[in-house]
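Use the sequences and the hints to build the structure in full.
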Amino acid sequence: MMNRRSFLQTATALTVMSAVSARASTRLPIRMAVEYNMLPENMSILQRFQLAKDCGYEQIECPTTSDQADAEAMKTASEKVGLPIHSVMNMDHWKYPFSSIDPAVVEKSLEGARTSIRNAHLWGASTVLLVPGVVNAQASYKDAYTRSQIAIRKLIPLAEELNVSLALEEVWNKFLLSPLEFARYIDEYNSPHIRAYFDVGNVVLYGYPQDWIRTLGKRITKLHIKDFSFRRDKARGEMVARWVSPGDGDIDWTAIYTALEEIGYQGTATLELSSGDADYLKEMRRRFALILSGELRPKA
Numbered sequence: 004m005m006n007r008r009s010f011l012q013t014a015t016a017l018t019v020m021s022a023v024s025a026r027a028s029t030r031l032p033i034r035m036a037v038e039y040n041m042l043p044e045n046m047s048i049l050q051r052f053q054l055a056k057d058c059g060y061e062q063i064e065c066p067t068t069s070d071q072a073d074a075e076a077m078k079t080a081s082e083k084v085g086l087p088i089h090s091v092m093n094m095d096h097w098k099y100p101f102s103s104i105d106p107a108v109v110e111k112s113l114e115g116a117r118t119s120i121r122n123a124h125l126w127g128a129s130t131v132l133l134v135p136g137v138v139n140a141q142a143s144y145k146d147a148y149t150r151s152q153i154a155i156r157k158l159i160p161l162a163e164e165l166n167v168s169l170a171l172e173e174v175w176n177k178f179l180l181s182p183l184e185f186a187r188y189i190d191e192y193n194s195p196h197i198r199a200y201f202d203v204g205n206v207v208l209y210g211y212p213q214d215w216i217r218t219l220g221k222r223i224t225k226l227h228i229k230d231f232s233f234r235r236d237k238a239r240g241e242m243v244a245r246w247v248s249p250g251d252g253d254i255d256w257t258a259i260y261t262a263l264e265e266i267g268y269q270g271t272a273t274l275e276l277s278s279g280d281a282d283y284l285k286e287m288r289r290r291f292a293l294i295l296s297g298e299l300r301p302k303a
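The number in our numbering is simply the position in the sequence shown, starting from 1, with 3 added.
These aren't lab readings, by the way, just hints derived from the structure by calculation.
Just so you know, not all the hints are guaranteed correct.
Listed below are the simulated SDA-like cross-link pairs for lysine to any residue, each with C-alpha atoms no more than 20 angstroms apart in a straight line [stated by the list, open to error]:
1) K56 <-> E286
2) K237 <-> G252
3) K285 <-> P43
4) K98 <-> Y144
5) K83 <-> L125
6) K285 <-> R30
7) K83 <-> D57
8) K285 <-> Q62
9) K157 <-> V108
10) K145 <-> I104
11) K221 <-> L180
12) K177 <-> I104
13) K221 <-> Q269
Since the model is a prediction, treat every value here as computed from it, not as a measurement.
Below, the structure is given as structure tokens:
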């Protein structure tokens, strides 16, 4: 016969198990998107959009498209397939950084960003992803901070006019290496059109993405999803760093799930991985869904 203590212990255990089960089945209200360049290059624009839709993605992120005919074709494909373009990945900010000491280079970067903003307006996308600056031998950290803000402020009037957010992403650019600094950098613009585009995989070498998510909080308007591995290759006897598919690397995806749930993020997250065929895209979408339900466990 079960005594009172045993009953209470059993009831408590069942309550915990029930809570864990309910939590695992609760999908975060986040839309799943795919990056355009993950789709096979040998397909037409329309075919690429259709494949993304068929593989279960809800939205797509497209690159800066200066050719007006191609831009119109992407708009048509998006509408025909029913796959909204949610963001534009600006393409000139690496080759022509906003932080350059050369005014001509900065203007070239601004020109590319303006094209991206107009792409976003045409496509109905809400954001343009920008790399804010690059620290190198020619641009000190302090100079990159100052110059990039001066340049990006010039884009705010157009972003306001066309109702597009400029989403700044932390990348491997030796710049904005702390979530506290990144948050301050965004706040200093004092504009609702300057937000954060947080890449989960880009900070693994020097931080914890769940910490960044909590620190950036409501500043985050979009997410990039990828995994990162930094492990010892037994055959080669050395440490190897590489981008990997979600679940194959070092990221604690249950911690990511919890952090996103805590800040109440309800936007779009985009897979940013290597390209592949339909089977590969479906498998990545499956893992994506597990991330959003808190069920993807890191590889042992």
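So which hints don't hold here, by number, going up?
Nothing - there is no hint that the structure violates, so all of them hold.
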